[in-house]
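*Asks:* Please model the entire structure based on the sequences and the hints provided.
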Amino acid sequence: MQYSVFSLLKNALTGHRHWQPAWRDPQPRAHYDVVIVGGGGHGLATAYYLAKNHGITNVAVIEKGYIGSGNVGRNTTIVRSNYLLPGNVPFYEWSMKLWEGLEQNINYNAMVSQRGVLNLCHSDAQRDAFARRGNAMRLHGVDSELLDKEQVRKIAPYLNFDDARFPIQGGLLQPRGGTVRHDAVAWGYARAGDQRGVDIIQNCEVTGFRIANGKMMGVETTRGFIGAGKVGMAVAGNTSRVAAMAGMRLPIESHVLQAFVSEGIKPLIDTVITFGAGHFYISQSDKGGLVFGGDIDGYNSYAQRGNLPTIEDVCEGGMALMPMIGRVRMLRQWGGIMDMSMDGSPIIDRTPVDGLYLNAGWCYGGFKATPASGWCFAHLIARDAPHAVAADYRLDRFATGHAIDEKGQGAQPNLH
Amino acid sequence: MQIQCPYCGDRDAHEFAYLGDATVTRPDPAAPDAARAFYEYVYLRDNPAGPHKELWYHSAGCHSWLVVTRDTRTHAIESVAQVGAP
Numbered sequence: 009m010q011y012s013v014f015s016l017l018k019n020a021l022t023g024h025r026h027w028q029p030a031w032r033d034p035q036p037r038a039h040y041d042v043v044i045v046g047g048g049g050h051g052l053a054t055a056y057y058l059a060k061n062h063g064i065t066n067v068a069v070i071e072k073g074y075i076g077s078g079n080v081g082r083n084t085t086i087v088r089s090n091y092l093l094p095g096n097v098p099f100y101e102w103s104m105k106l107w108e109g110l111e112q113n114i115n116y117n118a119m120v121s122q123r124g125v126l127n128l129c130h131s132d133a134q135r136d137a138f139a140r141r142g143n144a145m146r147l148h149g150v151d152s153e154l155l156d157k158e159q160v161r162k163i164a165p166y167l168n169f170d171d172a173r174f175p176i177q178g179g180l181l182q183p184r185g186g187t188v189r190h191d192a193v194a195w196g197y198a199r200a201g202d203q204r205g206v207d208i209i210q211n212c213e214v215t216g217f218r219i220a221n222g223k224m225m226g227v228e229t230t231r232g233f234i235g236a237g238k239v240g241m242a243v244a245g246n247t248s249r250v251a252a253m254a255g256m257r258l259p260i261e262s263h264v265l266q267a268f269v270s271e272g273i274k275p276l277i278d279t280v281i282t283f284g285a286g287h288f289y290i291s292q293s294d295k296g297g298l299v300f301g302g303d304i305d306g307y308n309s310y311a312q313r314g315n316l317p318t319i320e321d322v323c324e325g326g327m328a329l330m331p332m333i334g335r336v337r338m339l340r341q342w343g344g345i346m347d348m349s350m351d352g353s354p355i356i357d358r359t360p361v362d363g364l365y366l367n368a369g370w371c372y373g374g375f376k377a378t379p380a381s382g383w384c385f386a387h388l389i390a391r392d393a394p395h396a397v398a399a400d401y402r403l404d405r406f407a408t409g410h411a412i413d414e415k416g417q418g419a420q421p422n423l424h
Numbered sequence: 006m007q008i009q010c011p012y013c014g015d016r017d018a019h020e021f022a023y024l025g026d027a028t029v030t031r032p033d034p035a036a037p038d039a040a041r042a043f044y045e046y047v048y049l050r051d052n053p054a055g056p057h058k059e060l061w062y063h064s065a066g067c068h069s070w071l072v073v074t075r076d077t078r079t080h081a082i083e084s085v086a087q088v089g090a091p
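Listed in order, the protein sequences are those of chains A and B.
Letter by letter, the first sequence follows residues 9 to 424 in this note's numbering.
Letter by letter, the second sequence follows residues 6 to 91 in this note's numbering.
Errors might be hidden in some of the hints.
To be verified - What follows is a list of derived Cβ distance ranges for each label pair:
no. : chain 1 : residue 1 : chain 2 : residue 2 : range
1   : B       : Ala22     : A       : His39     : 45 to 53 Å
2   : A       : Asp156    : B       : Tyr12     : 45 to 53 Å
3   : A       : Asp171    : B       : Thr79     : 35 to 43 Å
4   : B       : Phe43     : A       : Pro360    : 17 to 25 Å
To be verified - Listing some non-contacts, in silico: residues in chain A with all C-beta distances to chain B over 12 Å:
no. : residue
5   : Asn66
6   : Met119
7   : Gln122
8   : Arg140
9   : Arg141
10  : Arg189
11  : Ala254
12  : Pro259
13  : Ala311
14  : Thr318
15  : Ala393
16  : Glu414
Simulated from the structure, these hints should not be mistaken for lab results.
Quantities reported herein were computed from a predicted structural model and do not represent experimental measurements.
We treat Cβ as the ideally placed atom computed from N, Cα and C, and that holds for glycine.
*Replies:* Below, the structure is given as structure tokens:
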């Protein structure tokens, strides 16, 4: 069923008793042309674009939990394309453009809100670096505005401009950045893929790969063997574990990143504010809760929860940036497992196994990349060649010295 | 999370700095396959879900380097030893 104001009206008049499930719950078939391992945002987007852009509809997405249970439901919903390096800017800008047309494309209200993303700077050197970044963005056709202190004050008068350690000098604003309702992205892609014939198989864990003579034959799962012509891995957080089943060892460490929501308050923050110097960023959800976070805890972890020192550190950052936040109570806190690649940039590439493709290493920036990641991964799987905007995300770049060092950090910043 | 430092006793994790996997060893730079060996040493990791041997530095304490065996699924610490201890 196509969602529209008419379908909403019709169901409202019948007491909302006749809504249908948004996607089927099929039994796995014996064989698919393509099996995507991982039913997160990236896996679902990949399946959708395989069907829509490449006409490959005999596709299954295999998810060990339920749709929305992983990082796509655990992030802080920010989208932006304020990158600096040539390998990154075109990719993230393509993602931004896909966000802008997403809701019409998949007929699902993902609450795309281009409320702007504002990065704060606190020194002359940082302002110069922002000017460079803003110019690099503009050279790639991305919107950016360098703001002085008074312009920042107009946007966010409640910030602490005269902090002794980090006085706010100005900022770099990307007006087209913003937030997107994260669960709706998963649900919307799942529904849109399902409508084109993609089988979404939940509560089905991949336990092994069947590889014959270096060629992928299919996946062993908790619901039996599923044959596949090609297999795409989109299991960020658990990439090392799944790849190990195919005999691969990757430049990835799994780390825990925490995020936080306060109690709901009246509208206060109408943009996304990042305080990089203090490892803190914040926005406000449509329910009124302040959504904020900071850095990864800093040690390998597969536990979807962090520790108190990081919570303290994030809250200190918040207090330094906007002291009024101290009057608000923290409501919830959670952790997600990040695929920390060693240079901080993702990997979308073929693997040494014929027919096995890798989508991994998203660090703590995977959500904003969801549409372009799916678009480019589908292109790679369908045509066996990288998409132009993701061509630099090669698996062998660490061995050849072509690391993409956007922020000079990855799992271990001391490596750069 | 607390780490039992062999010298200082149970100390809060925020006193320590983390350096990662303790099982990788620096290869011989004069070896013929040094480029490959250094690539693996610098970048590739087992990244296990389970017991993980890792390096922690007691930066706000006794400044010793420790090898901590910690379960990455639960953060439970099995053992702590000084680097180089038998």
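*Asks:* Each of the hints needs a verdict: does it hold here or not?
*Replies:* We went through each hint and held it up to the structure:
no., hint, in the structure
1, Ala22/B to His39/A: 45 to 53 Å, "holds (50 Å)"
2, Asp156/A to Tyr12/B: 45 to 53 Å, "holds (51 Å)"
3, Asp171/A to Thr79/B: 35 to 43 Å, "holds (38 Å)"
4, Phe43/B to Pro360/A: 17 to 25 Å, "holds (20 Å)"
5, Asn66, "holds (32 Å)"
6, Met119, "holds (34 Å)"
7, Gln122, "holds (36 Å)"
8, Arg140, "holds (28 Å)"
9, Arg141, "holds (26 Å)"
10, Arg189, "holds (30 Å)"
11, Ala254, "holds (15 Å)"
12, Pro259, "violated (4 Å)"
13, Ala311, "violated (6 Å)"
14, Thr318, "violated (9 Å)"
15, Ala393, "holds (25 Å)"
16, Glu414, "holds (17 Å)"
Going through the hint list in order, the structure does not satisfy hints 12, 13 and 14.
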